[in-house]
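*Asks:* Okay, here's what each chain looks like letter by letter:
There are 2 protein chains.
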Amino acid sequence: MPGTPAPDARRKLVAGAADMIRRRGLNATSVRELAKYARAPLGSTYHYFPGGKTQLATEAVTFAAELTTKLLTRELERGPVEGLRAFLAMWRDTLTDTDFRAGCPVLAVVVEDLPEAEGAPREAAATAFASWTDLIAASLTEHGAEPTDARGTATLVIAAVEGSVALCRAEQSTEPLDRIAEQLEFLVRCAITRTRP
Amino acid sequence: MPGTPAPDARRKLVAGAADMIRRRGLNATSVRELAKYARAPLGSTYHYFPGGKTQLATEAVTFAAELTTKLLTRELERGPVEGLRAFLAMWRDTLTDTDFRAGCPVLAVVVEDLPEAEGAPREAAATAFASWTDLIAASLTEHGAEPTDARGTATLVIAAVEGSVALCRAEQSTEPLDRIAEQLEFLVRCAITRTRP
Numbered sequence: 442m443p444g445t446p447a448p449d450a451r452r453k454l455v456a457g458a459a460d461m462i463r464r465r466g467l468n469a470t471s472v473r474e475l476a477k478y479a480r481a482p483l484g485s486t487y488h489y490f491p492g493g494k495t496q497l498a499t500e501a502v503t504f505a506a507e508l509t510t511k512l513l514t515r516e517l518e519r520g521p522v523e524g525l526r527a528f529l530a531m532w533r534d535t536l537t538d539t540d541f542r543a544g545c546p547v548l549a550v551v552v553e554d555l556p557e558a559e560g561a562p563r564e565a566a567a568t569a570f571a572s573w574t575d576l577i578a579a580s581l582t583e584h585g586a587e588p589t590d591a592r593g594t595a596t597l598v599i600a601a602v603e604g605s606v607a608l609c610r611a612e613q614s615t616e617p618l619d620r621i622a623e624q625l626e627f628l629v630r631c632a633i634t635r636t637r638p
Numbered sequence: 442m443p444g445t446p447a448p449d450a451r452r453k454l455v456a457g458a459a460d461m462i463r464r465r466g467l468n469a470t471s472v473r474e475l476a477k478y479a480r481a482p483l484g485s486t487y488h489y490f491p492g493g494k495t496q497l498a499t500e501a502v503t504f505a506a507e508l509t510t511k512l513l514t515r516e517l518e519r520g521p522v523e524g525l526r527a528f529l530a531m532w533r534d535t536l537t538d539t540d541f542r543a544g545c546p547v548l549a550v551v552v553e554d555l556p557e558a559e560g561a562p563r564e565a566a567a568t569a570f571a572s573w574t575d576l577i578a579a580s581l582t583e584h585g586a587e588p589t590d591a592r593g594t595a596t597l598v599i600a601a602v603e604g605s606v607a608l609c610r611a612e613q614s615t616e617p618l619d620r621i622a623e624q625l626e627f628l629v630r631c632a633i634t635r636t637r638p
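From first to last, the protein sequence lines are chains A and B. If you're matching positions, the first sequence starts at 442 in the numbering used here and goes up one per residue. If you're matching positions, the second sequence starts at 442 in the numbering used here and goes up one per residue.
Careful: at least some of the hints might be erroneous.
No copy labels: a pair is met if it fits in one copy or bridges any two.
[As the list claims (entries may be wrong)] The list that follows gives simulated cross-link-like pairs (lysine to any residue, SDA-like), each with its CA atoms no further than 25 Å apart:
1. Lys494 - Ser471
2. Lys494 - Thr615
3. Lys511 - Arg635
4. Lys477 - Arg526
5. Lys494 - Ala469
6. Lys494 - Glu583
7. Lys477 - Glu516
8. Lys511 - Ser485
9. Lys477 - Glu623
10. Lys494 - Gln613
11. Lys511 - Val472
12. Lys494 - Leu508
13. Lys494 - Thr589
14. Lys453 - Glu557
15. Lys453 - Thr503
16. Lys494 - Arg630
17. Lys494 - Arg637
18. Lys494 - Arg464
19. Lys477 - Glu616
20. Lys477 - Ala527
21. Lys494 - Asp534
Since the hints were made in silico from the structure, they are not lab data. From a predicted model like this one, the values you see are computed outputs, not experimental measurements.
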């Protein structure tokens, strides 16, 4: 778009890449495909991402991770149960808004093996998962959980939500997400009340 | 291999496709790539899979699903906790045996959006997830769990294990899987003792 400041155009491309990856996966995503997808000139797309697909995917993962980090940071202020509910609601919306065609771009980049030299998207994904886990674990600890249990519970929340989004795409239904919600809420309550029957 | 009976050669190709998909994802898998990967003649590979990549992926998902179904059926006979432990151990072995380069082929096919006409691999994945969930839920019910809770717990086990395998690939470590193990075992015990504090 003429007149659009470069940072916005660049950010739009990164957002477009995250959207492509969460729908089609990493292998189907390329600088060329992104230019088509985002209706941007191929030259400028290559200009912004001289590192090609690896750079694009890494930035897309980091972009998507930050959106989730912001949501978790904001919602966990209301407590771990409320944070969990908001996290689940966000994924539910993603699935229903896209007719089950989109999932998590962070997960997408780690289920395709990459050559060693192209490890940056995977590393960005590891950072994302770790930072989400840390946020939830910190909220649990703050609300009374024992640190090791907080970490285990937080890891389970991230793993279960990521897995259930894939189950929902398979079934074309939000049922798996709805079914795990109650279980996760129970676990969170057990952690903060230090209840282990 | 000359003299190899056709069903074995075909089965070897399906196993090879499942291995490619769990490593590289669906998009990077094709009949042509499989012939190279399995060192099979391209002509025979096309001969076995006239439906191309869609057929290959569908059969690969079903093949992988059945291996897991067999393991779950066998190990759950010893009880739901033992079944869970065996399921987790299987994934741990997959990750460490492949240096974190392979995950679950069933998950891999559902995180890449496919055209409507190519929905068969996704449908096979939905069937796989549902049958694993049913096996765990049945074992939980048999050991005293309330049916709705059994279903919720079983869905959480499948979702959390699938998600944690992706987390392990991201981190190149089995820690996420080890961390969720204790939480899942706790949940399974709560379900069969009908304990909800």
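*Asks:* Give a verdict on every hint.
*Replies:* Hints and how they fare:
1. For a Cα distance limit of 25 Å, the shortest separation of Lys494 from Ser471 qualifies both inside one copy, at 5 Å, and across copies, at 21 Å.
2. Taking identical chains as interchangeable, the C-alpha atoms of Lys494 and Thr615 are never at most 25 Å apart, the minima being 32 Å within one chain and 28 Å between chains.
3. Taking the closest pair of Cα atoms, Lys511 and Arg635 never come within 25 Å of each other, the shortest separation being 28 Å inside a single copy and 37 Å across copies.
4. Taking CA atoms no more than 25 Å apart as the test, Lys477 paired with Arg526 passes in neither setting, with 36 Å inside one copy and 47 Å between copies.
5. With identical chains, the CA atoms of Lys494 and Ala469 are at most 25 Å apart both within one copy (10 Å) and between copies (15 Å).
6. Neither within a single protomer nor between protomers do Lys494 and Glu583 lie at most 25 Å apart by alpha-carbon distance, with minima of 40 Å and 50 Å respectively.
7. When the C-alpha separation of Lys477 and Glu516 is checked against a cutoff of 25 Å, the pair qualifies neither within a copy, at 36 Å, nor between copies, at 50 Å.
8. Taking the closest pair of Cα atoms, Lys511 and Ser485 never come within 25 Å of each other, the shortest separation being 29 Å inside a single copy and 52 Å across copies.
9. Taking the shortest alpha-carbon separations for Lys477 and Glu623, neither the intra-copy value of 42 Å nor the inter-copy value of 47 Å comes in at or below 25 Å.
10. In this homomeric assembly, Lys494 and Gln613 come within 25 Å of each other (Cα to Cα) only across copies, at 22 Å, whereas the closest approach inside a single copy is 29 Å.
11. In this assembly of identical chains, the alpha carbons of Lys511 and Val472 never lie at most 25 Å apart, being 27 Å within a copy and 43 Å across copies at closest.
12. Taking identical chains as interchangeable, the C-alpha atoms of Lys494 and Leu508 lie at most 25 Å apart only when both belong to the same chain, with a minimum of 21 Å there against 35 Å between chains.
13. For a Cα distance limit of 25 Å, the shortest separation of Lys494 from Thr589 qualifies neither inside one copy, at 38 Å, nor across copies, at 45 Å.
14. Neither within a single protomer nor between protomers do Lys453 and Glu557 lie at most 25 Å apart by alpha-carbon distance, with minima of 28 Å and 28 Å respectively.
15. In this homomeric assembly, Lys453 and Thr503 come within 25 Å of each other (Cα to Cα) only inside a single copy, at 14 Å, whereas the closest approach across copies is 39 Å.
16. Taking the shortest alpha-carbon separations for Lys494 and Arg630, neither the intra-copy value of 42 Å nor the inter-copy value of 46 Å comes in at or below 25 Å.
17. Taking the shortest Cα distances, Lys494 and Arg637 never come within 25 Å of each other, neither inside one copy (47 Å) nor across copies (48 Å).
18. Taking the closest pair of Cα atoms, Lys494 and Arg464 come within 25 Å of each other both inside a single copy (16 Å) and across two copies (19 Å).
19. Within a single copy, Lys477 and Glu616 get their C-alpha atoms no closer than 34 Å, and across copies no closer than 40 Å, so neither meets the 25 Å cut-off.
20. In this homomeric assembly, Lys477 and Ala527 never come within 25 Å of each other (Cα to Cα): the closest approach is 33 Å inside a single copy and 46 Å across copies.
21. Taking the shortest Cα distances, Lys494 and Asp534 never come within 25 Å of each other, neither inside one copy (28 Å) nor across copies (31 Å).
The structure is inconsistent with the numbered hints 2, 3, 4, 6, 7, 8, 9, 11, 13, 14, 16, 17, 19, 20 and 21, although it conforms to all the rest.
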